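Protein chains in written order, with UniProt numbering: chain A, 1 to 926; chain B, 1 to 552.
Source of the hints: derived by calculation from the structure; they are not laboratory data. Since this is a predicted model, take the numbers as computed values, not measurements. Even for Gly, the Cβ is constructed at its ideal location relative to N, Cα and C. One or more hints might be untrue.
Only part of the chain B face toward chain A is listed, based on derived beta-carbon distances under 7 Å [to be verified]:
id	residue
1	Y107
2	D113
3	G114
4	G127
5	T129
6	A390
7	W466
8	N486
9	G487
10	S491
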Amino acid sequence: MGRHLSTFLLLLLFANSVFSWKKDEFRNCNQTPFCKRARTRKPGSCSLIASDVSISDGDLVAKLIAKQSSQDVSEDQQRPTKPLVLTISAYQDGVMRMKIDEDQSLSPRKKRFEVPDVIEPGFYIKKLWLQRLKEDKDGNGPISVVYLSEEYEAVIRHDPFEVFVRESGENGKKVLSLNSHGLFDFEQLREKEEGEEWGENFRSHTDKRPYGSQSISFDVSFYEADFVYGIPEHATSLALNPTRGPGIEFSEPYRLFNLDVFEYVHDSPFGLYGSIPFMISHGKSRGSSGFFWLNAAEMQIDVLGTGWNDENSSVLMLPSDQKRVDTLWMSEAGVVDAFFFVGPWPKDVVRQYTSVTGAPAMPQLFATAYHQCRWNYRDEEDVFNVDAKFDEHDIPYDVLWLDIEHTDGKKYFTWDRMLFPNPEEMQKKLAGKGRRMVTIVDPHIKRDDSYYIHKEASEKGYYVRDSTGKDFDGWCWPGSSSYLDMLNPEIRSWWAEKFSYENYVGSTPSLYIWNDMNEPSVFNGPEVTMPRDALHYGDAEHRELHNAYGYYFHMATANGLVKRSDGKDRPFVLSRAFFPGSQRYGAVWTGDNTADWDQLRVSVPMLLTLGLTGISFSGADVGGFFGNPDTELLVRWYQLGAYYPFFRAHAHHDTKRREPWLFGERNTEIIKESIRVRYMLLPYYYTLFRQANVSGVPVIRPLWMEFPSDEKTFSNDEAFMVGNSILVQGIFTERAKHVDVYLPGDELWYDMKTGAAYKGGVTHKLEALEESIPSFQRAGTIIPRKDRTRRSSTQMENDPYTLVIALNSSKAAEGELYVDDGKSFEFQQGAYIHLRFTFSNGKLTSTNMASATAGSRKFASRCTIERIIVVGLSPDPKTALVEPGNHKADVERGPLLLRGGPARSSVLTIRKPNVNIADDWTIAIL
Amino acid sequence: METRIRPNLMLFGCSIILLLYGFTRSAASLPPIDSLFGVSPEDASYYKGLSSASAIKCKDGSKKFNKSQFNDDFCDCPDGTDEPGTSACPNGKFYCKNAGHAPVVLYSSRVNDGICDCCDGSDEYDGKTICPNTCWEAGKVAREKLKKKIATYQEGVTIRRQEIEKAKLSISKEEAELQKLKEEEKILNGLVEKLKERKEQIEKAEEHERLQKEKEEKERKEAQATKDDDTKAEDTEPTPKDIHDDIGLVDQPPQDSAEDNHGSSSEPELGDHSIEDERSNDVAGEQDGSIQNTKHLGEDSTSHGKDGLDSGNQVRFKDPNDSDSLSNMFVSYRYDSSSSQRHESDDELDFSDITGTSSSSWLDKIQQRVKSIFQAVNIFQKPVNVSEAAQVRKEYDESSSKLSKIQSRISHLKQKLKEDFGPEKEFYSFYGKCFESKQNKYVYKVCPFKQATQEEGYSTTRLGSWEKFEESYRVMQFMNGDKCWNGPDRSLKVRLRCGLKNELTDVDEPSRCEYLAFLATPALCVEDKLKELQEKLESLNKDQPKGIHDEL
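Kindly generate the complete structure, drawing on both the sequences and the hints.
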C-alpha cells in the first residue's frame, strides 16, 4: 500500500514537472531589478536637456545634460551625472539613426558594448551628409531640425529633450518619437561605493555584476498607429496586446532574452529563443512606421494601453489630435543605437529595416522544399527505409535530417560509426535522387581531451570565460561542455574552417547544417543559459551580447559552408536562436513547440512576426515537437505547414513515429497532397524568396501588409498572404465543421482547388473540408506553378510550367517568375531570369526584367510553359495566338488541378502554348 | 547503376534531344511514336479504339482524348490515361517491359527525371540521361534469388504441412483428453467427497477412541503402576501421522531444477511424466500394496532411496496448485544450441497417453478399492482398525491429489485450446516455445501466446504480453509491456516470413519503445505464395530476350 501511494505521488510530481512550462526557472520583471526600476518610473522624470546642438561630420550632435534647476530631485539624480553624447544621422529611404552613449572624451569606466557585425555594410554608403541645422521653436520651446527625406525631417527638442521624426514643414505631423513621456533613463558606469552590493541572486545563481547597474530605458511613441507588431520571439498574437494600462490585467512586459524554454506556452509575452528589438506600427490613416534598437542585452518592452498615462497627460506636450501607441523599452546594458523608419507603408518599413540589417539570403531551391526530420533517424538503415518509403508513396521530399544522436557522444563533426559506418556513401545515395542531408552542429563543445575541437579550442583560448577568467564549463547534451566565443571574428573564421570537407570527416557537398541550442542553452546555468558575468572577446560581459550569441554562431557556420565550396554554393543553416541580421545567414524555426491545436494556431502569428522583422525564411515544426499529435492535428499541420516558408516536419525522441504514411491510406493521401501543393507552388515560392532577397518583403505576410487600408485585417492572425497572390486560412480546431474566412479588398478571390469565386471584403462561412484548408488566389494575379511533382525539387528543374491567371474586374492580372540555377551565387552576377507577366486586353505578355546588361553571367533555360489557365474570363474563347511564331494553341476547358480525383473544376485552359520562359512573348486570346 | 545529372546539361535547363526522336515532334521529351509506350499489356486493349479520328474516354470518365493527344506530354486525363509514357500527369503510371527481368509499373513522376528506374532504361528517353540496359544481369540475379526463394518455399510448404498434420492430431488428442479428464474429474470428485466424509468419520472415531484410551490409561495408572508392555507395542506401530508427513512433501515441488531451466543447458524437465508414470506405477504395483505406492507420491526421486519396490520408476510430483510450478510443469525449456529457439519438451505427447486406449483402468481400480474399503471398514467397530483407517486416509490423499492434478491439466488444456493457432493450426507448435535473438548487448526473447522480453545481463524488460495475430496472421502483436520513461508502454510486433526454421532476426525499435522483429518460420510458407513465385519465375524465363540470352 505504502509503495503504491509513493508511486502515485511520484507520478503526480512527474506530471507537474514534465508537462508544464517551468515558469519558476525564469526571471520575471519584478525579479529583474533594471526592469522593475524602469517600470515604476514616473512619466516626466527625465530631467535631461539637449545642449550644444550642432552639425558635425554630417551628423547632428548634441549633449544631454541634467537640468540645473530641476526641483524634484529624485533618488537617481542625487549622483552627479556626466553629459551624454547624442548623435543623429540620416540615411536614404527615410531611415534615421540615433545614438546616445557616454562621452568617451570624459574617460568613462569602460567602453559600453556596441553590437558589431550586424549592420549591413551597404547601409553605411546610404548615409546622407547633413549640412544644415534649422533652429526653430514650436509651442513647447526650441527645437533643432534636420533633413531626413523629401517628406520627413528629424527633430530634437531641447528642453526637455525629445527626438522625433515628423512630416516635413512646420507643424508637420509626428511619425515616431522618443522620450515624449520623459521616461528616458541612462545609468552611467561608475565606481563602486563603499558598502555597496552589486551582485544579484536568482535561484542558486549569483551574478557578480562587477560594473553595477548600466541599464537604459525610454519611451517610444508611434503616431497614427492602431496596432504595433514585431519584437519576436514570443508565442503570442500578431498585433501586440498592451501589457500595461487601464483595464489590462497584470502582464509581464514582452521580454527579449534568448532562452531554451522547455515546452513553452502558446500565449505569453515571455522571451523565447531569439530576439529582434524591432517594432512596426500600423494604422488605417497613415500606414506604418518602425523603430529598431540595436542592443543585444536583455530587453523588456511594454506596450502601453490607451489611457495608461492619463494622470500625467497635462504635463506633457503630446499632440492630442493624433492617435498613438506608446511603448516603453528597457535594456540591461549597452548603448542607445536606435533606428527610426518612416514607412509609410508596411512594405516600406520592412525594406527600410532590412536596408540596415540586411536582406534575407537567397536560399537554394531545395531548401524551400519539404524537409523530413526526427530526433532521431537512428542509423543508415533507418535513413534508407524512410527515404524508400517516400518513393514508395510517391511523396516528394528534399532533405533528410539527423539530430544529435548521429554523433559520437555528442561531439559535433563526428559520427557514431556503429550507426553510421559510411556517412559519405549514405549521403551520396540520397544525392543520387537529388536529395540532401542535414546534420546538427551545436555550440557546446564536449570537454573531452580526445576531441580535436575541444583540444584546439582550449589550447587557443577560444572559449567563453567565466567571471574568474577560467574557461566556462556548463552542462549540455554531451555533459560537461564549453562554449566557443563567437563574438571574436578570428574564432568565427577558425570555426568556419571546420566545415571543409577535409575537416568534417564524413561530410559531402550534399550535407548542410543545423544550429540548435545556440541561445546558448546551458542546462545548469541561470535560466538555462550562460551566466551574465561570463566574459567574451574584448572583455565584453555576456550580459551585453547575450541575445547576439546565437547570431554569431549562425554566421560562422554559414560562412563555413560558403568557404567549403569556395564561395560557389549557397549555404543552408537552420538556427534556433536569432538576432537582427540572422536573415542573412539562413533559416530559423520556432523551436520546441508542442503537438496541440493552440500551438498550431500560434505558429501563424509567430512566423508572420518573424517575416515582418526580416526573417522571411522561417517555419514551425510540423506536427509539434513534443507529444504525439492526433491524426487530425497532424494532417491539419501539414496542410498549413506546406505554406510555411520553411517546411519541415520534426518530432521529439519520445514520440511515436509520424512519417506521412503511418496514418492510414486516406491520411497518407491528404498529407501527400499537401506536400505536393508545396512542390507545385515552388516556382512561386522561389520567386517570393527572391523578392524578399531584394526588398526584405517577407514570403508570408500579414493580410494588412497587402491590404493596409482594410482595418478588418489588422489583427487577423489566423490567415496570411503568401506573396501578394495567395491567401491561406488555417483550421485550428478539432473536427471543425465550418471555417470563417475573411477575404480582404474589393476584388474577387478564387478557391485554389475548385476555381470557385468569392467576394472580397466579406467574411465567408465555408465548409471545413477534410482534404485541404482554404486557400484562394486573389483576382488580378498570375501564379507560376510546376504541376509535375517528382521525387525531389531537383528533378523538377527541367519540367514545364503552368500559369494560373486570375483576372480582376478589369480583366487584367499580373505576376512574376524568378528562375536561376537554384544553388550558386551566379544570380548575383545576373545569371537569372525574372519574368513579369501582365494580362490585359485579352493578351498575356511576358517580359524579362533581368536587364541584358545587368551582370556578367547569364542564366539559360529551355523550360517551357505547358499550360495557361485563365479564371474570370467569359465567354470562352476558341483559340490563342502565340507571338513570335504566329502559331495557334488550343483553348479548352480543363481541371484547375490535375490531382485530387476526377475534375472538380472546369477552367479555361490554353493547351501547350510551349513558349520558352527565357524569351519575351505574347499570347492573345481570340 | 548510379546516374548523375550532368551539370553542363542542367545549366541549359530543359535541353532538347530532338535529333533522337524525330523532327516532327514539337516538344523535347516525347516518347517513341507509334506504340502504346508506357502501357502495360493488360491495359493495351483499353486503347484499341484510339485513332486520330476517334477519341476514347479517360478511365475516370472525366474527358476524351484522341490519338494526337496520346502521349503528347500534356495531361488531358487527370488520372493519366492519355499519358502513360510521359511525366505529364501527376497521377499516371508508366510500364516498363524490362525484357530479361521483371516488368515494372512506375509512377509517372519517374519518367525523364534523370534517374534510371527501369533496367531497360525506357523511363529515360529525353537523352539527358543515358541508362544502360541492365535487365539481363539484374534479371539473372533476380531469377537466382527467386529460385532460391522457391526452393525454400517448396521445402517450407512440406514442413508446414507436416506441422499442420501434427498439430491437428495433437489438438484432437488434447480435445479427447480434455473430454475424458472432465469425466474422470466428475467421478473422482465424487469419490474424494465420499472418502473425505469417511476419513472425517474415522478421525472422529479415533479421537473418541484416543480420549477413551487416555481416560482408561489414567485409570489404569491410578489403579496399578506396572504393566506397560501393551502400550509400548502400540507405539511402534506405524502411525497415520507418518504417512501424513510423507504426503506433506507434496507441497514442496522440485523447484530448483525448474528454475535452472533459465540457464542455457538444463535438461528437459519431465515433470509431466508424473501422472502417467505414477499411474502405470499404480497399475504395476498394485499387488505390492497401496501403502508403498502412495509413499512415492511425496518423494523426490533423489531424496529417498529406501525402498527398492519401484526402482526404475522415476516418479515426481509437483503441487499443481502452485502457479509457479504450473508454468514450470508445462513450459520447461531446453536450450537448443543449433538454433535460436528454446522450446518446451515434448512431454505433451506422453501426457496425452492418459487418454489412450488403456483408458482409465486406474480409475476403475481406485473405484474398486474405495468400494472395498467401504465394505471392509466398519467405522462403528471399536477400536478402529488401524490399518483400515490408514488405508482410507491414503486413498483420500491419493485421490484428491490426483483430482487436483487432473483439474490443473484440464485448465491447462482449456487455456491452450482456446488460443488462436491460425486458420490451419499452423502456429500450434509455437505454443510453449520461445525464440531468441541476440543483438549487441540485448537478448530478445519472444514467446508466442505468452510474452516477449528484452534481457540485458540480469535485468529483464518486458516488451509486451501476447495480444494476437494481425495482418492475416503475418504479424504477432505483443502489447502493454513495461512503461517507458516519459513515453508509452512498450510493445512489439513480430513480422513473420517463410523460412525453414523458426528463427528470430532483426529486432529493431523504429519508434521509441515500439519494437519490431522478424521471425522466419515454416508456418508462413504457404502454397499459394509458392505458386505465385513459380508463376513469376516462369514468366521471367519466358520473357527472356532471345538475342541477349544467346549472347550470354
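Verification of the hints:
Here the hint on Y107/B is kept, as its CB sits about 4 Å from the closest CB of chain A, short of 7 Å. For the restraint placing D113/B at the interface with chain A, the shortest Cβ-Cβ distance is roughly 4 Å, inside the 7 Å limit, so the hint holds. Proximity of G114/B to chain A holds as hinted, the smallest CB-CB distance being about 6 Å (cut-off 7 Å). Hint status for G127/B relative to chain A: violated, with the closest Cβ pair at about 12 Å, above 7 Å.
Checking T129/B against chain A by beta carbon gives a least distance of about 10 Å; that is not within 7 Å, so the hint is violated. A least Cβ separation of about 47 Å between A390/B and chain A goes past the 7 Å threshold, and the interface hint is therefore violated. Violation of the interface hint for W466/B is found here, the shortest Cβ-Cβ separation to chain A being roughly 22 Å, above the 7 Å cut-off. The beta carbon of N486/B comes within 5 Å of a beta carbon in chain A, closer than 7 Å, and the hint placing it at the interface holds.
Taking 7 Å as the C-beta cut-off, the interface hint given for G487/B holds, the closest approach to chain A being about 5 Å. For S491/B, the suggested interface contact is broken, since its CB lies about 11 Å from the closest CB of chain A, more than 7 Å.
Consistency with the previously given hints fails for numbers 4, 5, 6, 7 and 10, ordered from lowest to highest.
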